[in-house]
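Chains as they are written, first to last, in the working numbering: chain A, 300 to 640; chain B, 300 to 640.
Bear in mind the hints are in silico, worked out from the structure with no lab data behind them. Just to be clear, a hint being listed does not mean it is correct.
[Stated by the list, open to error] Covered stretches of chain B, as calculated for chain A (at least 3 residues, CB under 8 Å): (1) 501 to 509; (2) 550 to 564.
[Claimed, not checked] Once the Cα atoms are required to be at most 20 Å apart in a straight line, the calculated EDC-like pairs of lysine to aspartate or glutamate come out as: (3) B:Lys606 x B:Glu429; (4) B:Lys606 x A:Glu516; (5) A:Lys595 x B:Glu516; (6) B:Lys468 x A:Asp551; (7) A:Lys461 x B:Asp376; (8) A:Lys600 x B:Glu516; (9) A:Lys602 x B:Glu404; (10) A:Lys394 x A:Asp376; (11) A:Lys465 x B:Asp628; (12) A:Lys497 x A:Asp551; (13) B:Lys531 x B:Asp567; (14) B:Lys600 x A:Glu516; (15) A:Lys468 x A:Glu516; (16) B:Lys573 x A:Glu570; (17) B:Lys353 x B:Glu318; (18) B:Lys473 x A:Glu516; (19) B:Lys600 x B:Asp567; (20) A:Lys600 x B:Glu475; (21) B:Lys638 x B:Asp364; (22) B:Lys468 x A:Asp593; (23) B:Lys468 x A:Glu535; (24) A:Lys473 x A:Glu404; (25) B:Lys353 x B:Glu475; (26) A:Lys638 x A:Glu598; (27) A:Lys461 x B:Asp419; (28) B:Lys493 x B:Asp556; (29) A:Lys353 x A:Asp364.
Here the structure is a predicted model, which means the values were calculated and not measured. Every residue, glycine too, gets a C-beta built ideally from N, C-alpha and C.
Protein chains: 2
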Amino acid sequence: MEKLQNDLILRAARGEKVERTPVWLMRQAGRILPEYREVRASLSGFKELVETPKFAAEVTIQPVDILDVDAAIIFSDILVIPEAMGCTYEMIKGKGPIFPNPIVEEADVDKVKVSDPDTDLKYVLDAIVETKTQLNGRVPLIGFAGAPWTIFSYMIEGSGSKTFSKAKKWLYTKPEASHRLLQKITDSTITYLKAQIKAGANMVQLFDSWGGILSTEQYRIFALPYIDQICKAINEAPITVFAKGAYGVREDLGSLDCNTIGMDWNMDIAETRKLVGSGKTLQGNLDPCVLYADYKTIEEKTKEMLKQFEGHSHIANLGHGVYPDMTPDAVRCFIETVKAY
Amino acid sequence: MEKLQNDLILRAARGEKVERTPVWLMRQAGRILPEYREVRASLSGFKELVETPKFAAEVTIQPVDILDVDAAIIFSDILVIPEAMGCTYEMIKGKGPIFPNPIVEEADVDKVKVSDPDTDLKYVLDAIVETKTQLNGRVPLIGFAGAPWTIFSYMIEGSGSKTFSKAKKWLYTKPEASHRLLQKITDSTITYLKAQIKAGANMVQLFDSWGGILSTEQYRIFALPYIDQICKAINEAPITVFAKGAYGVREDLGSLDCNTIGMDWNMDIAETRKLVGSGKTLQGNLDPCVLYADYKTIEEKTKEMLKQFEGHSHIANLGHGVYPDMTPDAVRCFIETVKAY
């Protein structure tokens, strides 16, 4: 059994008593750190970084060394799953991800496969092994994947979108094919998360980044059942579900077989606790833009947030990934305020 | 006093009894209609259409003729206000609006002026006059403007954005200058809406398209007070406030001195009615993507929505603007279902 020097986040996820609230940030490994930008600049592009275990491990550990967070999260991308399924992506500077061959017709669903993590995603697993060796038990490592609806959105849309109307159109016009693709993504995600845990991830998180664009009714048909399958299948480590903007289904999220529910900055803390129930740990949810303010304001707003969570069953985080133009010092101010509270 | 052949929407907005629920669609004048695309193709660009009263009037009336909606909405753009204030925009195909000289420093706030509708926005007023003449009392005409926070976002950000983090950064780092700019936008908007009503608009709508990216606390500080000023100033005609994604402030919206609250497709109808109270008309809120489905599904989902509103104090609409690739027949199916209900 692995001996961790700091297992606060795992205990908080399991609802156990903790000495203080653990803290980490979504996108903590990334452009906010000059050390990250240096590694990134030495490579051909974002994908080389994601696909080279040595470099992925290096940038994964940077925020542990530099920011003193209570967990590392493996540097990767949710789009490695569509790629592993046969739907490759390119990361275009200033434009985000583009899929040269998105899913257009129903027949395209048959062309993508259920991925095998040991062959198709070996570079992520190797990065996890390398990271664990270097972390040497200092803090837990978080693995992750996109939730099926979000991955589906990208595969159909072929890029980011304000409305994801192509993806939503599929749900209304091709429900059977949509379910078939969602199931393939789900099957790929389950083995992928299990492999991440086997390789050393101590907990995992599902990101439903586009949860907020589905109506409540459609979320219950096309998103929740697949998240539910994943939660039920993952018993080896705590699992967190972060469905951004999914205000209407928080009560449903509370019934999932998961440990933690992530909250965006617009979700009222007391209301969410009431809807989700007392059985889950909540994660979040400071407005990321607070980190643009002066230290006094950051401290004040962070304390206000902590007070509302009342200390129990809480993992402190922002309500969204940290933005690239925020300073490491502002992030440190947030982290230190949580630790001192 | 103007005699309207169909004033259903005005009576519904005032909470009066109506024979049936009135219906219109956000973005009904636009790319869904081949007749619109024909006019648009004959011109140099989007801005020529917005700025030429004859053409703006023509496309405003198209959906009344072709789709038989219960109201026309003047063809224009919320960005005419920043332009009138001295912060011009360009509409780039496939990219959306770009501001060559956005507001960057506090001193830039002093460089923009409070606009005068009679000189700076005469083309909109002329389009309204022309539209009213051609409509000849068939249905009411809706005027509109962006809500101050949304206009502020574009002026600071200089373009669309997923996070509007530059604009949000201003709120945290330059609160005083932010309020100053928001007040200038508000003052410009009040005289603009009054001028639209004087020119012939029978009701007006405020679009807070980016309401959902502010935290509840910030919405109450930087968005609501300015919407409140506008609502209090506009007494000449009914006013609708549509704050997309502003789930956390629906109770506050219920206290505004406005007639109608617009709802996006993610807002639960019963919950919103409870939060807003019985004193307001609600507008919305079918998931626009339902219009991608077959007619049977469109009919079914539209009836489900109508049933939840229970007929009283309701203006039927989608929960977002209609998307350009939807068919006029699908839109007609939605409209006819509302009318036959």
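- Hint check, failures only: Violated hints (numbers, rising): 1, 2, 3, 6, 9, 12, 13, 17, 18, 23, 25 and 27; every other hint is consistent with the structure.
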